[in-house]
Amino acid sequence: VDRAYSDYWFRQSLKIRENPIYVSEERHMNIFHSCVTHEIAIADYCGFDSFARNPTRKNANEFWRCCTTVSKKVTDGSPTLCSDKATQHLCDITDTVKASCPGLNLMFGIYAPQLIEWIEV
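Numbering (my numbering), first residue to last: 1 to 121.
Note that these hints are calculated values from the structure, not bench results.
Just so we're clear, the structure is a prediction, and the values are computed from it rather than from any experiment.
Glycine included, each C-beta is placed from N, C-alpha and C at the ideal position.
Careful: at least some of the hints might be erroneous.
Stated by the list, open to error - For lysine to aspartate or glutamate, the following EDC-like pairs were computed, each having C-alpha atoms within a straight-line distance of at most 20 Å:
id, residue 1, residue 2
1, Lys72, Asp92
2, Lys98, Asp49
3, Lys85, Asp44
4, Lys58, Asp76
5, Lys72, Asp84
6, Lys73, Asp44
Unchecked claim - Computed spacing ranges between beta-carbons, pair by pair:
id, residue 1, residue 2, range
7, Cys82, Ser6, 17 to 23 Å
8, Met29, His89, 21 to 27 Å
9, Ala99, Ser6, 17 to 23 Å
10, Asp92, Gly47, 29 to 35 Å
11, Arg53, Arg11, 31 to 37 Å
12, His33, Lys58, 19 to 25 Å
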């Protein structure tokens, strides 16, 4: 989470230079919390627990593929993903949060899937 928070603030600092509008620290904390909560929902949907119980390269690739696909569909507002009752909750994210959250920022901080590749190489 520490890496994700650092990346969040780096992204915000770039935006502040472009458009210096004051946003309270509490508001930033709420946005960051929404970013993390959303990514956790994607990880849950993509079977992180299943991967963690059986960490193979194949499972890591499936997990990452699912995360990137779902994240892109959420960003694009995919009608198939966002209208399906089973995945509708993944699309419940505001435009502010979409614009403020680097895609899969928290996921990149989960090194477990990457470790498998590093060890096998």
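Of the hints stated earlier, which fail here?
Violated hints (numbers, rising): 2, 4, 7, 10, 12; every other hint is consistent with the structure.
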